[in-house]
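Q: Here is what each chain is made of, one letter per residue.
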Amino acid sequence: MRVIRDSIRKKSGFMKELKQHRILYLMCLPALIVLILFCYIPFTGIWMAFTDFNVVDGIFGSKFVGFDNFTYFFNGNSTAWRVTFNTLIINLFCILFGLIVPISIAIFFNEMKGKLFKKITQSAMFFPYFLSWVVVGAIIYGFFATDVGLVNRVRETLGYEPISWYASPQYWKGIIIFANVWKWSGYNSIIYMAAMSSFDVSLFEAAEIDGANKLQRICYLTLPMLKSTAVVLVLLSVGRIFYGDFGMIYGIVGNNPSLSDAVSVIDTYVYSSMKTLGFSYSTAIGLYQSIMGLILVTLANKFVKKINDGEGLF
Amino acid sequence: MKIKRSYSDRVLKTIAYSFMGLFAIICLYPLILTLSVSLSSEREVALQGYSIFPQGFSFNTYIYIFAHSGMKILKSYGLTIFVTVVGTLGALLITTMISYAISIKALRYRNMIAFICNFTIIFSAGLIPWYIMCVRYYNLRNSVFALIIPSIFSVWNMFLLRTYFSHIPQSLYEAAKIDGANYFEMYYKIALPLCKTGILTVGLMYALQYWNDWWNALMFINDKKLFTLQFYLYNILSNVNAISSGVVPSGAAANITLPAETVKMAVTVITIGPIIFLYPFVQKFFINGIMTGAVKE
Chain F
1 MRVIRDSIRK
11 KSGFMKELKQ
21 HRILYLMCLP
31 ALIVLILFCY
41 IPFTGIWMAF
51 TDFNVVDGIF
61 GSKFVGFDNF
71 TYFFNGNSTA
81 WRVTFNTLII
91 NLFCILFGLI
101 VPISIAIFFN
111 EMKGKLFKKI
121 TQSAMFFPYF
131 LSWVVVGAII
141 YGFFATDVGL
151 VNRVRETLGY
161 EPISWYASPQ
171 YWKGIIIFAN
181 VWKWSGYNSI
191 IYMAAMSSFD
201 VSLFEAAEID
211 GANKLQRICY
221 LTLPMLKSTA
231 VVLVLLSVGR
241 IFYGDFGMIY
251 GIVGNNPSLS
261 DAVSVIDTYV
271 YSSMKTLGFS
281 YSTAIGLYQS
291 IMGLILVTLA
301 NKFVKKINDG
311 EGLF
Chain C
315 MKIKRSYSDR
325 VLKTIAYSFM
335 GLFAIICLYP
345 LILTLSVSLS
355 SEREVALQGY
365 SIFPQGFSFN
375 TYIYIFAHSG
385 MKILKSYGLT
395 IFVTVVGTLG
405 ALLITTMISY
415 AISIKALRYR
425 NMIAFICNFT
435 IIFSAGLIPW
445 YIMCVRYYNL
455 RNSVFALIIP
465 SIFSVWNMFL
475 LRTYFSHIPQ
485 SLYEAAKIDG
495 ANYFEMYYKI
505 ALPLCKTGIL
515 TVGLMYALQY
525 WNDWWNALMF
535 INDKKLFTLQ
545 FYLYNILSNV
555 NAISSGVVPS
565 GAAANITLPA
575 ETVKMAVTVI
585 TIGPIIFLYP
595 FVQKFFINGI
605 MTGAVKE
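Chain order of the listed sequences is F and C.
For the first sequence, the numbering used here gives the first residue as 1, with consecutive numbering after it.
For the second sequence, the numbering used here gives the first residue as 315, with consecutive numbering after it.
Simulated from the structure, these hints should not be mistaken for lab results.
Please note that a few of the clues may not be correct.
To be verified - Keeping only pairs whose Cα atoms sit at most 27 Å apart, straight-line, the calculated DSSO-like set for lysine-lysine is:
1) C:Lys491 <-> F:Lys183
2) C:Lys510 <-> C:Lys491
3) F:Lys115 <-> C:Lys327
4) F:Lys119 <-> C:Lys510
5) F:Lys227 <-> F:Lys302
These figures come from a predicted structure and were not determined experimentally.
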């Protein structure tokens, strides 16, 4: 009896809360509708991964095939491992350089004196963040085009044979990683500068009086103090390591068939197999990616919470 | 001892200056290259290749583009501006409302709402289900809404804004409540004016996202009338790319007219044009906004 009464009271409490803060809940509504339409309703489409989807029968009318799509992806050919490998290796290097370069920028920025020089360099470094991957792709084309590209011109003047870059897959992982670092370093360095601006100045002054030189101050004070910010950022990127940057790969390489083996990541593979191998198969690959992502993000979050005094991403 | 110390400091300083100078050059050099090629004459570029100084300086390429496909580019420009303005305003309205609402401690289910938002970052259905829903049920193919609606709400930006809103003391709201204000009045009379920096930062992020977006166009748009600038550039480049790879048979390649080198770079410059002009003004806001958002409490 009491349980029922409690649940009634709880229910009326729910209604009362909705009524009392009606305006606030209404203000949340547009955003929630967008999320429901574009994130939650698509969850029903995951069912396609276990069917042989055809347009006529729709998502739930198509034939159920169990895990066939997954078996085909993992056993059928080496594609599964190749795209997974590409995604992981490109992301790993991006994380590594995305750690070293921005931290160096932030530290060196602090060591510089001239205000104008600081302003100019910071403006220059931050600018690539504002460019889209398509524009970056155009710029890269300017460097690596076979006939007119800058790199081949330089090679010719130095007496080397020109390389047909857009037909040589072995270079493109490097180019893509470089482009990624180029685009993001300025932005990421700002996050480290923000962390550094909250450091206690008196610590550094005391170290200077004790005779520590700049290098020692950087190694024994700045770097250890930056560690927690760096670890959190790295963990967050590790949580997303199974997600390739579709815009980056497609903006730079496009659908160039002779490079796709070397650079296609899970995201671009899903997109291109949607057209050739059908919806069900590509949904299955997408699901594989999402589940790996879920596991890693959850693990990463656990570690972030440990470091960050219980405050994680979620 | 003292000499040694200042020696190491000087070395460090030299490294700092050269690293920063070099990296700044690496960041700017490609842009100058692009600009200079677009201002070169086509014949010189074909002969000498790309170079950092304009060869045979002329505005001919730009004149050519606007004479030949002027309407196409202008329309595409107009569309991109429309999408950016409408998208940014809509996104700001939606995002500020929800982040304000869940920053109010009296709201009992605010953590649940935050979790509903959060979960979409952690787990997603993937590209294909999203695409099928958009095309089959929401009819987004070849619609201008396809360029706006799918990216109108970003959970990351919501969390950034919530940090700003949560700095507003709750007592301000209590006082306004006693004066008879409802929550919506508090939103636009108290919360919005107090969080100008945050709103501006997030607004700039949305604007940049819409201006630079070509993903939605790639997914949903075939109609040439609805090509945004970025997508227009993407199409030019991907044709060039496919031919340079040498896989497309020459017969098929002959059917695709390749734009001249200078045209490609001029379209690139046209695409980033507004960003270059606005950059000096918005850069400072951006950096301050990110810094404030990054430092928690």
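Q: Tell me the numbers of any earlier hints that the structure contravenes, in ascending order.
A: The structure breaks only hint 1.
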